[in-house]
Amino acid sequence: MTQIVQLLVSGLENGISYGLVGLALVLIYKTSKALNFAQGTMAAISGYVAYEVIVSEHLPWIVGAVAGTAIGAVLGGVSERVAIRPLLGAPLLSLVIATLALDSIFGNLTQLAWGPDTRALPSPAGDGDVHISGVSINRTYIVIALVTLVILLAVGYMLTHTRLGLAMRAFADDQFAAELQGIAPQQVSRMAWMISGAIGGLTGILFGPLLFVQIGYMSPIFIKGFTAAVLGGFVSNAGAVGGGLLLGVLESLSIKYVSSSVAPILPLAIILMALLAKPNGVFNRTLVVKRV
Amino acid sequence: MKHLRGIGFAAVGITLAAGLAACGGSSASGASASGGAPGVTKDTITFGMATPLSGPASSLGTDGQKGAEVFIKWLNAKGGTKGHKWALTVQDSHFTAQGHVAASKYLIQQKNVFATWGDVGSTALAALGTYNTAKVPFLFPYALAPQMTDPGPDVFTIVPPSNIQEAAFSNWAATSVTGTHKFGVLALDSADGHGAADGFKSGAAGKYVVASAFYPTGTTNWEPQLVSLRSKGITDLVLHGSDSWMATILKELQQLGMGKVHMWGSTGTVTPLVFKLAGDNLVNGQNAVSITAPSTDSDVPGVKEFLDAFAKYEPGYKPGTFALHSWVGGVIIEKAIEGISGPITRDNLIKSLESMSSVDTKGITAPLTFSSSQHLGNRSVVVVTATDGAWKPSTEFLTSSS
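Protein sequence lines correspond, in order, to chains L and Z. Going by the numbering used here, the first residue of the first sequence is number 88, and it counts up by one from there. Going by the numbering used here, the first residue of the second sequence is number 209, and it counts up by one from there.
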């Protein structure tokens with residue numbers, strides 16, 4: 088029993104990272120209808136910045152986290168202005184290619200700036216674990232879980248109780264109608280990308296201690312974050328986080344009870360099955376209205 | 209207008225044919241300026257290297273590149289070989305099969321290099337055919353796949369495949385452990401990972417193996433595999449992986465209450481980085497297998513010479529395993545070229561390599577022997593132990609009979 092619980096905990100630990108990335112992807116898709124393939128490299132840059140502040144400059148961890156998150160927001164804003172806004176209204180393929188180009192540019196810039204070496208970023212919770220009835224949980228993952236909950240609540244509050252959030256929801260529902268109501272698409276798009284960039288950046292900083300800050304360290308999480316977003320139908324923030332947790336648990340259980348070879352194909356198989364069974368997302372309650 | 213269109217098509221066709229002829233050439237079309245072998249002028253021999261310079265494996269490729277560059281500077285300062293200085297041109301393989309093939313073709317067809325040297329990564333396997341077809345010597349790639357035991361007529365290697373390394377490691381492990389031991393194997397789900405697992409099981413300690421677990425590329429959390437192995441009550445963990453993965457796994461072992469499990473790491477873990485990432489406390493006392501002496505062990509004459517060269521030509525850079533591998537590759541190539549009687553050509557280089565026996569690398573590796581039927585010059589490994597924040601050899605070089 089303890090073993091199964093430990094496997095579930097390990098799966099949830101992984102799943103949280105997928106959910107956070109998925110959440111960032113959903114935010115962008117809802118407003119720009121773009122799939123941000125540069126999310127992983129943007130998150131990694133935030134990790135490097137946090138490393139410089141915390142380790143090289145010996146400043147407190149929170150200062151490094153704020154700096155890295157702010158850089159993530161800036162990267163999001165710059166990306167939106169330079170690559171996405173000019174393509175607003177363009178086919179999805181154009182937007183995908185634009186973000187792929189951004190991914191390549193950011194990846195190469197990272198390497199030019201910091202080189203290929205691996206860096207150890209300290210954890211905000213220190214090293215160590217919490218043990219509950221024979222099950223151990225890494226303290227860093229507990230921090231990540233709490234931060235995820237705060238982000239989810241904050242984003243939810245923003246979307247339902249602020250003018251910006253209302254504008255973003257209106258924009259996601261019907262861009263044309265939103266513009267007619269005086270909602271500026273540029274502002275909505277920019278804010279969505281900045282918030283998404285900040286969330287992605289914070290993810291990169293939180294996972295830096297676990298994955299080590301190195302070239303491409305967030306890339307393996309990106310595809311799984313994409314799966315999480317698919318499970319949320321690319322419209323539900325909580326659905327993306329829930330999808331990430333589900334994926335993490337399925338991965339963990341499949342390694343033990345099926346085969347480790349299943350784990351790499353699991354995200355893609357889930358995407359395919361989800362799109363076939365529930366195209367609007369497994370965790371999305373939006374109804375599809377049939378045209379008569 | 210039709211005849212003009214026809215002339216146009218003919219012009220395009222001629223241009224394409226000329227282009228294809230230029231691209232498809234091998235050594236025959238790559239004559240050097242002096243009319244000698246490709247890549248050889250009257251005073252310079254040009255080598256190529258296709259290695260990952262970008263992406264997640266860039267630290268390995270960059271380390272290997274620096275090892276070759278420092279060797280060349282060191283050698284050129286001594287006057288080079290047979291009156292020839294060496295030059296190196298490097299291409300990024302992106303650590304993908306397609307990238308490695310493309311980079312290799314570029315080096316062969318566009319740069320007309322004499323030979324390539326020191327490529328990092330089993331993606332080099334994809335380029336074996338390219339080198340054998342073009343008859344360009346492909347020297348000392350760092351690739352662990354089992355196929356490298358018989359790499360081809362123009363390919364030479366000193367890296368025993370993972371199955372051979374782990375078999376030797378297993379034989380030694382069986383003599384060094386006392387009492388009851390249960391070994392678990394944790395390996396990358398790849399050709400060399402499975403080779404490593406099979407190799408260890410084929411050795412004397414194979415009888416102690418109670419479970420194996422594999423992980424795919426891109427794994428960031430090994431807890432599921434470790435929990436699975438923990439259920440078998442393992443006391444020892446044979447790991448096939450990289451230095452940063454070993455660091456993470458050591459921490460996860462602590463977290464899961466498996467801190468007393470003894471680690472037996474593979475070649476890729478024998479770097480200074482694992483101490484930096486995991487901390488000396490977690491790494492000290494663990495064992496690993498290596499094909500060379502540790503890159504930081506200045507008690508070994510060859511490694512001291514290597515470290516002194518780096519201090520002179522790349523001060524501040526801490527060279528690792530791949531730099532040392534490139535360096536010793538350079539040592540072998542230098543001896544091979546010195547052993548050529550006649551002009552420096554690719555065929556003569558290969559003949560010279562094939563005649564080399566018990567090559568002394570000043571302790572960096574075991575003595576190396578090549579022949580016309582055996583282009584894998586090294587079947588020996590050394591077992592190292594993490595001691596006071598550094599890897600130190602615990603054995604002489606051990607030869608596997610696999």
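Think of the hints as simulated: they come from the structure by calculation, not from any bench. Every residue gets a Cβ at the ideal spot worked out from N, C-alpha and C, and that includes glycine. Among the hints, erroneous ones may be present.
To be verified - No farther apart than 30 Å at their CA atoms in a straight line, the calculated lysine-lysine pairs in the DSS-like style are these:
no.: 1; chain 1: Z; residue 1: K390; chain 2: Z; residue 2: K600
no.: 2; chain 1: L; residue 1: K343; chain 2: Z; residue 2: K440
no.: 3; chain 1: Z; residue 1: K600; chain 2: Z; residue 2: K484
no.: 4; chain 1: Z; residue 1: K274; chain 2: Z; residue 2: K313
no.: 5; chain 1: L; residue 1: K343; chain 2: Z; residue 2: K468
no.: 6; chain 1: Z; residue 1: K390; chain 2: L; residue 2: K343
no.: 7; chain 1: L; residue 1: K343; chain 2: Z; residue 2: K409
no.: 8; chain 1: L; residue 1: K343; chain 2: Z; residue 2: K415
Said to hold, decoys possible - Only part of the chain Z face toward chain L is listed, based on derived beta-carbon distances under 8 Å:
no.: 9; residue: S262
no.: 10; residue: G263
no.: 11; residue: P264
no.: 12; residue: N284
no.: 13; residue: V435
no.: 14; residue: L464
no.: 15; residue: N489
no.: 16; residue: I552
no.: 17; residue: T553
Here's how the hints hold up against the structure:
no.: 1; hint: Z:K390 to Z:K600; result: holds, 25 Å
no.: 2; hint: L:K343 to Z:K440; result: holds, 12 Å
no.: 3; hint: Z:K600 to Z:K484; result: holds, 16 Å
no.: 4; hint: Z:K274 to Z:K313; result: holds, 22 Å
no.: 5; hint: L:K343 to Z:K468; result: holds, 22 Å
no.: 6; hint: Z:K390 to L:K343; result: holds, 19 Å
no.: 7; hint: L:K343 to Z:K409; result: holds, 21 Å
no.: 8; hint: L:K343 to Z:K415; result: holds, 23 Å
no.: 9; hint: S262; result: holds, 6 Å
no.: 10; hint: G263; result: holds, 6 Å
no.: 11; hint: P264; result: holds, 4 Å
no.: 12; hint: N284; result: violated, 25 Å
no.: 13; hint: V435; result: holds, 5 Å
no.: 14; hint: L464; result: holds, 6 Å
no.: 15; hint: N489; result: violated, 10 Å
no.: 16; hint: I552; result: violated, 34 Å
no.: 17; hint: T553; result: violated, 36 Å
When the structure is compared with the earlier hints, violations turn up for hints 12, 15, 16 and 17 and for no others.
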